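**Student:** Now for the letters of each chain:
There are 6 protein chains.
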Amino acid sequence: MVKSLCIQLINPNTSQAMTEVMAQTARSVAAPQTHILAVCPEEGAPSIEGHFDEAIATLGVLQQIKAGRDAGVDGHIIACFGDPGLLAARELARAPVIGIAEAAMHLATMLATRFSIVTTLPRTLTIARHLLHQYGFERHCAALHAIDLPVLSLEDGSGLAQEKVREQCIAAKKSDGSGAIVLGCGGMADLAQELTIELNIPVIDGVSAAVKMVESLAALRLTTSKHGDLDYPLEKPLSGRFAGLNLREHYV
Amino acid sequence: MVKSLCIQLINPNTSQAMTEVMAQTARSVAAPQTHILAVCPEEGAPSIEGHFDEAIATLGVLQQIKAGRDAGVDGHIIACFGDPGLLAARELARAPVIGIAEAAMHLATMLATRFSIVTTLPRTLTIARHLLHQYGFERHCAALHAIDLPVLSLEDGSGLAQEKVREQCIAAKKSDGSGAIVLGCGGMADLAQELTIELNIPVIDGVSAAVKMVESLAALRLTTSKHGDLDYPLEKPLSGRFAGLNLREHYV
Amino acid sequence: MVKSLCIQLINPNTSQAMTEVMAQTARSVAAPQTHILAVCPEEGAPSIEGHFDEAIATLGVLQQIKAGRDAGVDGHIIACFGDPGLLAARELARAPVIGIAEAAMHLATMLATRFSIVTTLPRTLTIARHLLHQYGFERHCAALHAIDLPVLSLEDGSGLAQEKVREQCIAAKKSDGSGAIVLGCGGMADLAQELTIELNIPVIDGVSAAVKMVESLAALRLTTSKHGDLDYPLEKPLSGRFAGLNLREHYV
Amino acid sequence: MVKSLCIQLINPNTSQAMTEVMAQTARSVAAPQTHILAVCPEEGAPSIEGHFDEAIATLGVLQQIKAGRDAGVDGHIIACFGDPGLLAARELARAPVIGIAEAAMHLATMLATRFSIVTTLPRTLTIARHLLHQYGFERHCAALHAIDLPVLSLEDGSGLAQEKVREQCIAAKKSDGSGAIVLGCGGMADLAQELTIELNIPVIDGVSAAVKMVESLAALRLTTSKHGDLDYPLEKPLSGRFAGLNLREHYV
Amino acid sequence: MVKSLCIQLINPNTSQAMTEVMAQTARSVAAPQTHILAVCPEEGAPSIEGHFDEAIATLGVLQQIKAGRDAGVDGHIIACFGDPGLLAARELARAPVIGIAEAAMHLATMLATRFSIVTTLPRTLTIARHLLHQYGFERHCAALHAIDLPVLSLEDGSGLAQEKVREQCIAAKKSDGSGAIVLGCGGMADLAQELTIELNIPVIDGVSAAVKMVESLAALRLTTSKHGDLDYPLEKPLSGRFAGLNLREHYV
Amino acid sequence: MVKSLCIQLINPNTSQAMTEVMAQTARSVAAPQTHILAVCPEEGAPSIEGHFDEAIATLGVLQQIKAGRDAGVDGHIIACFGDPGLLAARELARAPVIGIAEAAMHLATMLATRFSIVTTLPRTLTIARHLLHQYGFERHCAALHAIDLPVLSLEDGSGLAQEKVREQCIAAKKSDGSGAIVLGCGGMADLAQELTIELNIPVIDGVSAAVKMVESLAALRLTTSKHGDLDYPLEKPLSGRFAGLNLREHYV
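Residue numbers (my numbering), protein chains in the order written: chain A, 18 to 269; chain B, 18 to 269; chain C, 18 to 269; chain D, 18 to 269; chain E, 18 to 269; chain F, 18 to 269.
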């Protein structure tokens, strides 16, 4: 018998629309026994397009991780392509935590010798480059592209951003010599399957990739290491608006 | 409704005993609807402990990949820690192909900031180092250890090799500052779960990790890119004992 | 005539004692016309010893950056060895922002071909390793050492932590083949000068190093680039407890 | 008095024509006392243009290495630009084994600070990139170019492929800022000398380079290390069509 | 009270005009109490545009370092973008030694996540690339550009070279996605401030950057490590025209 | 018929004894038709044990390169393990120039997957590390060892240094997991052959390795690229004691 699973999908920005898009995509690939608990912070930034936005968002992510842990979820997904707060979240969590950039990049390397990234604004390319560097995939990424539209244009209903993503993917396939494309924004989650079919190469969405990573780790009974630097944060009184993140009682 | 899945687990060496150990581990973590088709080459090397053995084994792997493809399997696993023939197999396959070293290393980076590897003979450390380098995980690996016993000692029933693995894992946890351990041989597949519990850190077996990777890719409808360098091998008449690998008829 | 300068020294933790230690060190090396404005967040973590603590601290850092910018300071220092929030702060700031790990590491490479790091708890070594990787100094760092005492032990008045730092520095000089030592915690700022004399090699404190970096950039009339990914954060309404970080009115 | 030398030139594909081209080039640069024993496998792939072809070819290479060793040759050359089976061959061999990509790349770094590569099909570029990475020459290679014609077009007598190679070399000299060019296919061996003269920069063929490397090692009485991971393969019964590679009797 | 400081600015080429340009720039940014002692070798190369020129210049640099040390200067600057003789000079010196490429590159990484370099002749790009590699900044440099005019064209009074520098900087800002530009020649020192204003991004001159680095180190009472490989050269009799560099008497 | 060859072996230090040792080794491995022209500068440093010594030596090397070029030699060897002045020499030379560190390291990678280095004084280890980094062999070097005796102790007739080299080689073989050893000083040239026999692993001397590299390049009619950054130095009047290096007349 298969154990049912609850995966907390954390949209680090405050956009309900984007949370919904990602939740639908997540549910469409999740195993039948997996429940997707899609959340976003009540307070924070409506979209994440830089280091500053990421720093703001990280607090919301941690608050959600704590809530998810209290609720006993089996895994957490940080559903923003910069994977904001990933290591901090891993310290805080008991269950596995997966970032969507991480998930998409890892899978891409298993399907092609090199991949391209298509993201939103040019200023976010630095964040993607830093992740490639940190995860070890600099050599596996042939090129990075930006559609030069903000994240929320993916939610404006016009389809313009989606069309630009499609065009960039087609151009990237042609020019980069890559075998796969990684979509560089959670808001593009719903585009991967159709682009994969149209372009006839793997176009990878991190949200769905992360769902399967969490399910995989759960099935393997593997969870975030609590030995060493990802151990629970040291007990110390957080003050003021951070008091909600105090952890003492949870360490039992 | 969930589609049933057939994953071909290819043991690149000719040891039936090891094939069986790995098959059992694979089945213990596979989804209910996943069928594990465990095979090993009829001809080849009884164990793989160097570059030469790997080269021999690669032929057997490719033959099995072709057979698996003909049988319509949904994915292939190369179940030897050197991931022998991985890219060649990807060219040949229609479905995803995952190596067990690859699968274990990727997952390890999602659970700890650094991991250690425990393998069999010292001479195989070079192979592991090359994989770390190729996959981008050199910085994520804190140390490599060898128990200095051959692969088949894991199958001799004495339990000696298993005890040595356990000792090395305990020593590695203590000395390396790593948060996780990757088991560096398919023949250690059955040790991961109990060591994870005893050591209280993730001890990762690539066989089970690879099963979940293939299941994940299948659920995401992602498969090996056929655009570029992993496209099917160019049509050319293979002669002699390689004729069995001729591919022409399969390209439709 | 020399322009007077105001440098905001931001201690990312809430320890007044540590803020004071760092302020004194900063003032002891600052130019006569430099005013050191030492601050720490009112709310947050009393010490920073992991990724989670850093994430909390980053919010306080950004709040202080905003306040400093409003007050028209000429530069900001992030005085925690993990340089938490450095790139986010640079987006937000008009003036230069320097992290103390960054400052110390850069200077170390100008004084020796390789340096060692001595820090507090082992779990913070990962953070230091990530910075070395990000800044490009992996090869310039011969070894990292931890005294295995928490940050605040530096403020407990017993001198025990200070003595351990001294011992580790002496041991590092002997064993690592390094020509210089970087002190890996803002709370060690007051130890650098005497250890430099006692050990007869450069022992570098990031707080004082950062003061000179900011003074240098000010004298050169260079400031954080606002072209590209360090441009001011895009205008978007931050909600709830983050509203205080809304920036709109400052962009004129 | 100079010892006469027998170098086994192994063409890993089954093309007699290409074997002949390479043998002639090898002989044209060999020392008077060097005998070139040019061979190719009787069975295998007619050309090598991908990972799959390489895997097939590796078996043929090993069979030839064994035959060469039995015949007492003084060195072996693997004459395909992917250096297929290089480390496996080194395990098996008593004498030095040199790959032509390896030989050409090493020499190129001694003649120019950066080189370009001109090869056949685009899909082989990945193999070249992996070799650059493995050998340590990523930074020394300014660019890789493909003429987009298959290997055997070099043997079709039309001269078209040769002309394309020439054009690409000229274009590479102009655009890449490289001081030298490495020819990326054994079938281009006969073009190096005239292109070197016409372009007035070193255009390097790996076949002739490898001949001189083997002669050099022989003169220095240096051979493949048998200490550690390149030691002879462990004794184990290879079965079926691999039985011909059984080695036991040779270890005396 | 502030200690007065004497910084020796060493132009490694023999151009008095360039020495003067750099001295003026240095003085314009130096602290009031800093004296700039601008020197150039009496013998050597009139400009430095390659490895050979650098080797010649290094001798002049060392002679000046020795003279500066005898004169008791508080720091030395090597004012040629290749930083010729930097480590040799550090061995010889008692005070800090800073190269202008080094100083500019370090500061650039503190102001932008990536920078571009604009230099003189294409053949010097290799030198810049080697420095990026050695200093750890390969990833921080987005692109290198050459105006394709010799160094001394900056001194011909026509303003042509200056105009080309300006054009390249504008083009680099547009094309490279860099947030800052590093000027790749000491002879461009006087252009940085106005280009910074015109382009509205940091355009960094290494001469002025180096002045501030030396002042910083002096204020921090940090100097070149004499522990290990930057210790004073071992005592040995230098003969002939190198006798002037004999050091014995200075070691007391 | 084989063309006779003249290789200029340049000892960068002024020790006649060491020049003689290296010349004998060079001659013992050279082809019959190769003439070894062993030279050392008349003026300079008696031994080279640091960056400063290297800078001095470089001038002597260049003077000899010029003399060798005037004499029409077919290749040059820079016979000091730091390869001082290698790129400058390549600019100046018409024929190939090979450094002994370079030659030894390249060959080592063809004989073993990893090698160790045994050199003289610890302070020279930095130079070896820089070369590994520059040549691309950081990953191929398992460890570096110093016997902690100065270079000239190899010439004192006591045999003490030689014995220490032997001991270090034995220890390195045992501890490093390396398959080969590179001798890190030209003065150890005469030890390689006997240590290779005694230790039964390749112990590589750069002097003899370089002889074979030059012979190889000559046979291949390949020489230093004169396209790009290794082109002849730009014509400019060198003054004073450098006038002897003026090159104008040679450019025809």
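Quick caveat, the hints were computed from the structure, so don't treat them as lab data. Some hints could be false.
Heads up, the list lumps identical chains together, so a pair's fine if it works in one copy or across two of them.
As the list claims (entries may be wrong) - Keeping only pairs whose Cα atoms sit at most 30 Å apart, straight-line, the calculated DSBU-like set for lysine-lysine is:
| id | residue 1 | residue 2 |
| --- | --- | --- |
| 1 | K191 | K20 |
| 2 | K181 | K20 |
| 3 | K181 | K83 |
| 4 | K181 | K191 |
| 5 | K243 | K181 |
| 6 | K243 | K191 |
| 7 | K243 | K83 |
| 8 | K243 | K20 |
Given the structure is predicted, the values throughout are model-derived calculations rather than measurements.
**Student:** For each hint, tell me whether it holds in the structure or not.
**Tutor:** Against the structure, the hints come out as follows:
no.: 1; hint: K191 with K20; result: neither (44 Å within a copy, 34 Å between copies)
no.: 2; hint: K181 with K20; result: neither (41 Å within a copy, 34 Å between copies)
no.: 3; hint: K181 with K83; result: neither (37 Å within a copy, 35 Å between copies)
no.: 4; hint: K181 with K191; result: both (15 Å within a copy, 22 Å between copies)
no.: 5; hint: K243 with K181; result: between (43 Å within a copy, 24 Å between copies)
no.: 6; hint: K243 with K191; result: between (44 Å within a copy, 14 Å between copies)
no.: 7; hint: K243 with K83; result: within (16 Å within a copy, 36 Å between copies)
no.: 8; hint: K243 with K20; result: within (24 Å within a copy, 36 Å between copies)
The structure fails to meet hints 1, 2, 3 from the earlier list, while all remaining hints are met.
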